[in-house]
Each structure stands twice: as C-alpha cells, then as structure tokens.
Amino acid sequence: GAGVSQSPSNKVTEKGKDVELRCDPISGHTALYWYRQSLGQGLEFLIYFQGNSAPDKSGLPSDRFSAERTGGSVSTLTIQRTQQEDSAVYLCASSPTGQGGIGYTFGSGTRLTVV
Amino acid sequence: GNSVTQMEGPVTLSEEAFLTINCTYTATGYPSLFWYVQYPGEGLQLLLKATKADDKGSNKGFEATYRKETTSFHLEKGSVQVSDSAVYFCALSENSGYSTLTFGKGTMLLVSP
Chain H
8 GAGVSQSPSN KVTEKGKDVE LRCDPISGHT ALYWYRQSLG QGLEFLIYFQ GNSAPDKSGL
68 PSDRFSAERT GGSVSTLTIQ RTQQEDSAVY LCASSPTGQG GIGYTFGSGT RLTVV
Chain U
10 GNSVTQMEGP VTLSEEAFLT INCTYTATGY PSLFWYVQYP GEGLQLLLKA TKADDKGSNK
70 GFEATYRKET TSFHLEKGSV QVSDSAVYFC ALSENSGYST LTFGKGTMLL VSP
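Note that the protein sequences, when read in sequence, are chains H and U.
Throughout the first sequence, residue numbering follows the numbering used here, covering 8 to 122 in sequence.
Throughout the second sequence, residue numbering follows the numbering used here, covering 10 to 122 in sequence.
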C-alpha cells in the first residue's frame, strides 16, 4: 500500500484479556518494526522483523508479548493477559531493507487502553 | 550502548520566532541522525536526516547539522508557524548492517499566533 496501515486505531480492553494489533507495511519493504510510545517513556523498541524472521526481539517487555509476520508482509503483535501498564500507543514502521541510515515510515499507531 | 538526549519541553514560542531544539547523542560507531515530527493524533514522520559528519539535513525550513566534535544534531528553524506545533524526536541508527532507531524522549513545541 501507499503507507503503513495499522488497525485498530483505538482499542479498549479489560485487564486480563488478550489483544491483537495488526500492521500492514509498505509493499516491498522487507524490514518491519514495532515500537511502544508511553507518556514519559518516549519510544521503546519492541521487535524487528527481516522478512518473516525476527532477528531482534530484545525489546519485548515480557513473555506476554509476542509477534509474528507472515508472507513477508502483515505483522501481528499479540499481548496476552493485558495489564494496565500495557496501555500505550503501539507504533509499527517499515523500511525497504533494514539497513541503517535510511529511516523508517511509521503508521499512525494503535492506542491501547487497558481498564 | 546508543542513546539520544533532547531538551525537555514544552518549548513555547510566538509565531515567527527562531527555534532551536537541542539534541546530543552517544553512539559506539558513526551513526546516521534523524529528526522525526509527530503532529497531534498522527504517527511519526521523517523530517530530515544526515548520514555523516558535517552533513546538513533540511526540510520545510528546518535544518540540523551533524556535529561529530560535539556529538550534536540540533534542530533549527528561522521563523516558526502555528502549524509547526508538534512533538519533535531526535533519533540515531548505526550505519553498518541492520540497525534499529534509538529515539530521544521528544520535545513538544507549541507556537502561538
């Protein structure tokens, strides 16, 4: 597509429920990234995909968080047993190759609120 | 490890004032440097970048010069507009191999008419 598309744009869930966040990157971009943006915390890196593989998962905050990417395209970030501290804006980005120096294109994010 | 430090906001200016947002970095190698902007309710957009020392990135009247000697990449604009009100993020990535972006915490700019 023309840009990075994320859905849903807003999600309110009850504590303890599982949620799935979707990212559709720019067509042909092999690299895909998930970041989390919280008030006062800035932007935290979560996970990086190159094709369908995730060579860097170092930012996932706990084993409740997982992500997959299929067909070198769409990615899903899953949070199990959500907690209130998971409330944040989850941003997805893609880049053509993953090489440094190019910069990313970001989606508009999914605002997750855990009540 | 890599890190980026930005001046804390909010920065409050009147229209047509001069803007500087300071950014300094720590990196193990020779990174590329970026400024991203986030308008209210939107995702981050790349504003400008510089990939090596002494390069100047520029876009929409904004400029930043990669200063290796002071490890800085300060953002400047000569005359801000109300429409420039947004959050500005400084970021870096290593140039070798794959590299994730490391961001500063962001600086909110508020421009009043």
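I should point out that these hints are in silico values taken from the structure, not numbers from a laboratory.
Treat the hints with caution; some may be incorrect.
A few chain U residues facing chain H, derived, Cβ under 10 Å [claimed, not checked]:
#: 1; residue: Ser41
#: 2; residue: Phe43
#: 3; residue: Gln47
#: 4; residue: Glu51
#: 5; residue: Lys58
#: 6; residue: Phe71
#: 7; residue: Glu72
#: 8; residue: Thr74
#: 9; residue: Ser102
#: 10; residue: Asn104
#: 11; residue: Ser105
#: 12; residue: Tyr107
#: 13; residue: Thr111
#: 14; residue: Phe112
#: 15; residue: Gly115
What follows is a list of derived Cβ distance ranges for each label pair [stated by the list, open to error]:
#: 16; chain 1: U; residue 1: Lys61; chain 2: H; residue 2: Asp25; range: 41 to 51 Å
#: 17; chain 1: H; residue 1: Ser94; chain 2: U; residue 2: Arg76; range: 19 to 29 Å
#: 18; chain 1: H; residue 1: Ser14; chain 2: U; residue 2: Tyr48; range: 37 to 47 Å
#: 19; chain 1: U; residue 1: Asp63; chain 2: H; residue 2: Thr83; range: 39 to 49 Å
#: 20; chain 1: H; residue 1: Glu21; chain 2: U; residue 2: Glu85; range: 26 to 36 Å
#: 21; chain 1: H; residue 1: Lys24; chain 2: U; residue 2: Glu25; range: 47 to 57 Å
#: 22; chain 1: H; residue 1: Gln90; chain 2: U; residue 2: Ala62; range: 27 to 37 Å
#: 23; chain 1: U; residue 1: Thr21; chain 2: H; residue 2: Ser94; range: 22 to 32 Å
Away from chain H, derived, C-beta distances all over 10 Å, residues of chain U [what the hints assert, rightly or not]:
#: 24; residue: Leu22
#: 25; residue: Gln54
#: 26; residue: Lys86
Here the structure is a predicted model, which means the values were calculated and not measured.
Backbone N, C-alpha and C fix where the C-beta goes; we use that ideal spot for every residue, glycine too.
Structure-based check of all given hints:
| no. | hint | in the structure |
| --- | --- | --- |
| 1 | Ser41 | holds (4 Å) |
| 2 | Phe43 | holds (6 Å) |
| 3 | Gln47 | holds (9 Å) |
| 4 | Glu51 | holds (6 Å) |
| 5 | Lys58 | holds (6 Å) |
| 6 | Phe71 | violated (15 Å) |
| 7 | Glu72 | violated (17 Å) |
| 8 | Thr74 | violated (17 Å) |
| 9 | Ser102 | holds (4 Å) |
| 10 | Asn104 | holds (5 Å) |
| 11 | Ser105 | holds (7 Å) |
| 12 | Tyr107 | holds (4 Å) |
| 13 | Thr111 | holds (8 Å) |
| 14 | Phe112 | holds (4 Å) |
| 15 | Gly115 | holds (6 Å) |
| 16 | Lys61/U x Asp25/H: 41 to 51 Å | holds (45 Å) |
| 17 | Ser94/H x Arg76/U: 19 to 29 Å | violated (38 Å) |
| 18 | Ser14/H x Tyr48/U: 37 to 47 Å | violated (20 Å) |
| 19 | Asp63/U x Thr83/H: 39 to 49 Å | holds (43 Å) |
| 20 | Glu21/H x Glu85/U: 26 to 36 Å | violated (47 Å) |
| 21 | Lys24/H x Glu25/U: 47 to 57 Å | holds (50 Å) |
| 22 | Gln90/H x Ala62/U: 27 to 37 Å | violated (44 Å) |
| 23 | Thr21/U x Ser94/H: 22 to 32 Å | holds (28 Å) |
| 24 | Leu22 | holds (22 Å) |
| 25 | Gln54 | violated (7 Å) |
| 26 | Lys86 | holds (20 Å) |
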